[in-house]
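Following the hints, complete the assembly by docking chain B with the ligands onto the known chain A.
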Amino acid sequence: MKKSSIEINKHPIDKYLRRDRMPHIWCPGCGLGMDITAFIEGTKQANIDMNNMQIVSGIGCTGRISGYIKLDAYHTTHGRAIPFASGLKLANRNLTVVVFSGDGDLFAIGGNHLIHAARRNVDLTVICVNNFIYGMTGGQTAPTTPVGAFSSTAPYGNFEKPFNLVGVAASAGASYVARWTSLHTKRLANSIAKALSNKGFSFIEIVSPCPTVFGRKNNRSDALGLINELRDRSRIDNSANPTEIPITNYGEIVIGDFLNEPRPCFSESFEEGIKKTKERIEK
Amino acid sequence: MGIVEKTQKKGTSKKETREIVIKKERCKGCNFCVEYCPRDVLEVSEEFNEKGYHPPKIVNSDQCLFCGLCERICPDFAIYIKNNETEPEKEEKPISETTHGLFNIVKSKYEGEFFMQGDIACAEGAIYAGCRFFGGYPITPATEIAERMAKRLPFLDGVFIQFEDEIASMAGILGASWAGAKSMTATSGPGISLMNENIGLGMMTETPCVVVNVQRGSPSTGLPTSWGQADMMQAKWGSHGDYGSITLCPKSPQEFFDLTIVAFNYSEKYRLPVFILTDAIVGHMIEKVIIPPPDKLEIINRKYTKKRPQDYLPYEAESNLIPDFAKAGDGYHYYVTGLTHDERGYPIMTEEVQKENVTRLVEKINTYSDDIIILEERDIDKADIVVIAYGITSRTVIPAIEKAKKKGIKVGYLRLITIWPFPEKRINEIARNIKGFVVVEMNLGQIVLEVERCAAPYTSTKLVPHAGGGIHNIDDIVKAIEELAHEKK
Ligand SMILES: Cc1ncc(C[n+]2csc(CCOP(=O)(O)OP(=O)(O)O)c2C)c(N)n1
Ligand code: SF4
Ligand code: SF4
Ligand code: SF4
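Protein chains in written order, with our numbering: chain A, 1 to 283; chain B, 1001 to 1489.
Among these hints, one or two may not hold up.
[To be verified] Computed footprint of chain A on chain B; a stretch qualifies when at least three of its residues, placed anywhere within it, have a C-beta under 8 angstroms from a C-beta of chain A: (1) 1128-1140; (2) 1219-1225; (3) 1468-1475.
[Stated by the list, open to error] List of simulated lysine-lysine pairs, DSS-like, C-alpha gap at most 30 angstroms: (4) A:LYS278 - B:LYS1023; (5) B:LYS1296 - B:LYS1306; (6) A:LYS70 - B:LYS1057; (7) B:LYS1327 - B:LYS1269; (8) B:LYS1109 - A:LYS275; (9) A:LYS194 - B:LYS1327; (10) A:LYS275 - B:LYS1028; (11) B:LYS1151 - A:LYS275; (12) B:LYS1382 - B:LYS1407; (13) B:LYS1288 - B:LYS1306; (14) A:LYS278 - B:LYS1057; (15) B:LYS1355 - A:LYS70; (16) B:LYS1151 - A:LYS199; (17) B:LYS1488 - B:LYS1403; (18) B:LYS1435 - B:LYS1236; (19) A:LYS283 - B:LYS1057; (20) A:LYS10 - B:LYS1236; (21) A:LYS70 - B:LYS1269; (22) A:LYS276 - B:LYS1028; (23) A:LYS15 - B:LYS1306; (24) B:LYS1364 - B:LYS1307; (25) B:LYS1327 - A:LYS199; (26) B:LYS1051 - A:LYS283; (27) A:LYS276 - B:LYS1057; (28) B:LYS1307 - A:LYS15; (29) B:LYS1488 - A:LYS70; (30) B:LYS1109 - B:LYS1236; (31) A:LYS199 - A:LYS15; (32) A:LYS44 - B:LYS1307; (33) A:LYS15 - B:LYS1327; (34) B:LYS1488 - B:LYS1435; (35) B:LYS1303 - B:LYS1382; (36) B:LYS1051 - B:LYS1082.
[Said to hold, decoys possible] Have a look at the derived ranges for each label pair, beta carbon to beta carbon: (37) B:GLU1351 - A:ASN219: 36 to 42 angstroms; (38) B:GLU1343 - A:LYS44: 27 to 33 angstroms; (39) B:PRO1038 - A:THR277: 45 to 51 angstroms; (40) B:ASP1371 - A:ARG216: 52 to 58 angstroms.
No lab work stands behind these hints, which were simulated from the structure alone. Glycine included, each C-beta is placed from N, C-alpha and C at the ideal position.
This is chain A alone, in the form it adopts within the complex (with noise of 0.2 angstroms):
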């Protein structure tokens, strides 16, 4: 009897949490629940067999987002999770492969990776969580950070250029390319199961609030405000081009679902030329 009380407040997230690791690290108001609920909704609607799902991470705050998700999930090493996702659906393509990972990892240390996979049109679904700053190691430069935002190593601001994350994506070759922010779950979630459909590399950027340390550096530690200026900020244009949308300091975030453009993944067309030459020598 006690076991179905029990279970009548298990949250409907819960089955596809490791709920013995529960609470997460995660600190208060940071956005990176909230894109696992959305993830989670978009696996359902994408109807996933959940135990093909493979989770890959690198390092940082997003990168353990990987070590909360009840499926089986990678931690692997700062900027890699995408040449090791690489190597898993490869080798097995009946895998659904999904890299969940930080802005730094994936366009800092990471960077040649992505857009070497987004060029071959590998068939992962990578979703990034821009917060605009390394969370992890306590709030240094991204390369993302806005310019004149601060940071631990841009005590005086920023003054680089960041890169759009979403441009380069979609000019480096992928095949469906998308932002939004973590306050729009129902729209993101809908992004995911397009993107776990896309047969090809699939990039989603989640702009998301980390009050402790992007927060705290640039004047917007409260992380209601933090949500509300998202909200406030953003602008939804499912029809703008993605390289034509960097996001600055205080701007405009335009957000929507900016390409799918679906075009032969990498094991299509390795097993296609194959194909061709065995033809030919069978002739």
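Quick look at chain B with the ligands alone, frame taken from chain A:
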């Protein structure tokens, strides 16, 4: 199948037939003819010839002037104008019987006796062992391994991918391994330096795979096309932290083949990335290689758990110290991390778990070192001096040993086929009964440090170093043997 393509055109005065003939099998794809034909009669074809080139094809036969420019310009005598005076074409060997070329590599059964390059023997060894995923980045003198895998794997339902760098290559083969594939990468010193972080990930997550280092002269870019043996310590200590590791060192193409299979077996049995350290000489040398029929050699495959998901702990090692795998996608929902972890695979940042985790990584190799260590010994029981060498250097020491023997010195030979775990026990044993060890290696003193550690306090050790890029002078080795033999104890 014809090797000749024809077009015909009537001559104006006489009843003469002229035609362009393309001997496709000779073509090397320079496209001179295509480019220079004044009438655009020729075009590059889609088809490949035996050598892998695209020979030209005739597209506008009625435009041909029979000017003969193509015939004159072709560097390979592969195109000509045939007229009534031309001697008739003799029957030529059908393409499929030619012994070279891409298609034959793809079609052939690799079994029997071959003249084979070391690097290629390595790739064939990997395939024999069941390797079906190769991720790599080109680097001399290891590129031939990748090239061979690129040709072979797609036809064995395997995957070859040239990654953007060695960091990705190492990460990629770890991922492939978790997907259940036997996976491998091959590189040289600079590549290993880039791979080292993810080699550590492989050690910590206990991921089977094989990493081949065809050593060049080093440090840094060093001697790209030449050789050395200066990455010996890097193979043991390259990634940060403590972990047991296995390194094998072949001396010939045959051994490169054999030890690649052993490396895969060890990697599956003991769950770790296993190194093969060879060098540019063995990698590029061509010698006889015998490939036995499939199933002749022992192949060890992955051990998967029989437990149900609810009872399974991914890093629970029974008394054998080696945890069983669960298959990705089978609903085990395991978590794999490079962080210090407990049996569940969960990160736990405590002194106790750190000790348990890391100690097991070291102990699982120490415990099985007797099974892992392979040595070749000659004349050791009667010897005063024992020469220790490995890899290509073990071939240089043979004439030196013969020369020293002629001078009346009793010399034994110990070849380290397994470098790591280091054969401490055996060297310690030998040390008690001899006057000294001469260590010959192509670096300025690496494995000699290990020998000294095991030989002291029983006997002395002398190094014959070489910086790489050449081979040892036989007389230097003889001199070292003599000095040690006549040393007063
Ligand atoms: C090779 C290497 N260099 C540096 C680090 C330290 N490190 C850990 S996480 C991190 C930054 C993570 O930033 P981001 O990807 O933006 O993730 P966040 O923590 O913000 O989610 C760094 C530099 C590391 N783990 N490995
Ligand atoms: S530091 Fe920032 S990103 Fe990391 S857990 Fe805290 S709020 Fe989240
Ligand atoms: S206050 Fe924040 S953490 Fe608490 S229940 Fe509401 S949303 Fe969740
Ligand atoms: S004979 Fe002259 S016109 Fe004819 S194919 Fe050759 S180059 Fe071209």
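Okay, the hints, checked on the actual structure:
no., hint, result
1, 1128-1140, "holds (count 3)"
2, 1219-1225, "violated (count 0)"
3, 1468-1475, "violated (count 0)"
4, A:LYS278 - B:LYS1023, "holds, 23 angstroms"
5, B:LYS1296 - B:LYS1306, "holds, 28 angstroms"
6, A:LYS70 - B:LYS1057, "violated, 59 angstroms"
7, B:LYS1327 - B:LYS1269, "holds, 16 angstroms"
8, B:LYS1109 - A:LYS275, "holds, 20 angstroms"
9, A:LYS194 - B:LYS1327, "holds, 27 angstroms"
10, A:LYS275 - B:LYS1028, "holds, 24 angstroms"
11, B:LYS1151 - A:LYS275, "holds, 13 angstroms"
12, B:LYS1382 - B:LYS1407, "holds, 16 angstroms"
13, B:LYS1288 - B:LYS1306, "violated, 43 angstroms"
14, A:LYS278 - B:LYS1057, "holds, 21 angstroms"
15, B:LYS1355 - A:LYS70, "holds, 27 angstroms"
16, B:LYS1151 - A:LYS199, "holds, 26 angstroms"
17, B:LYS1488 - B:LYS1403, "holds, 22 angstroms"
18, B:LYS1435 - B:LYS1236, "holds, 29 angstroms"
19, A:LYS283 - B:LYS1057, "holds, 18 angstroms"
20, A:LYS10 - B:LYS1236, "violated, 48 angstroms"
21, A:LYS70 - B:LYS1269, "holds, 28 angstroms"
22, A:LYS276 - B:LYS1028, "holds, 21 angstroms"
23, A:LYS15 - B:LYS1306, "holds, 24 angstroms"
24, B:LYS1364 - B:LYS1307, "holds, 22 angstroms"
25, B:LYS1327 - A:LYS199, "holds, 23 angstroms"
26, B:LYS1051 - A:LYS283, "holds, 16 angstroms"
27, A:LYS276 - B:LYS1057, "holds, 19 angstroms"
28, B:LYS1307 - A:LYS15, "holds, 21 angstroms"
29, B:LYS1488 - A:LYS70, "violated, 69 angstroms"
30, B:LYS1109 - B:LYS1236, "violated, 36 angstroms"
31, A:LYS199 - A:LYS15, "holds, 27 angstroms"
32, A:LYS44 - B:LYS1307, "holds, 28 angstroms"
33, A:LYS15 - B:LYS1327, "holds, 21 angstroms"
34, B:LYS1488 - B:LYS1435, "holds, 9 angstroms"
35, B:LYS1303 - B:LYS1382, "violated, 44 angstroms"
36, B:LYS1051 - B:LYS1082, "holds, 25 angstroms"
37, B:GLU1351 - A:ASN219: 36 to 42 angstroms, "holds, 40 angstroms"
38, B:GLU1343 - A:LYS44: 27 to 33 angstroms, "holds, 31 angstroms"
39, B:PRO1038 - A:THR277: 45 to 51 angstroms, "violated, 34 angstroms"
40, B:ASP1371 - A:ARG216: 52 to 58 angstroms, "holds, 55 angstroms"
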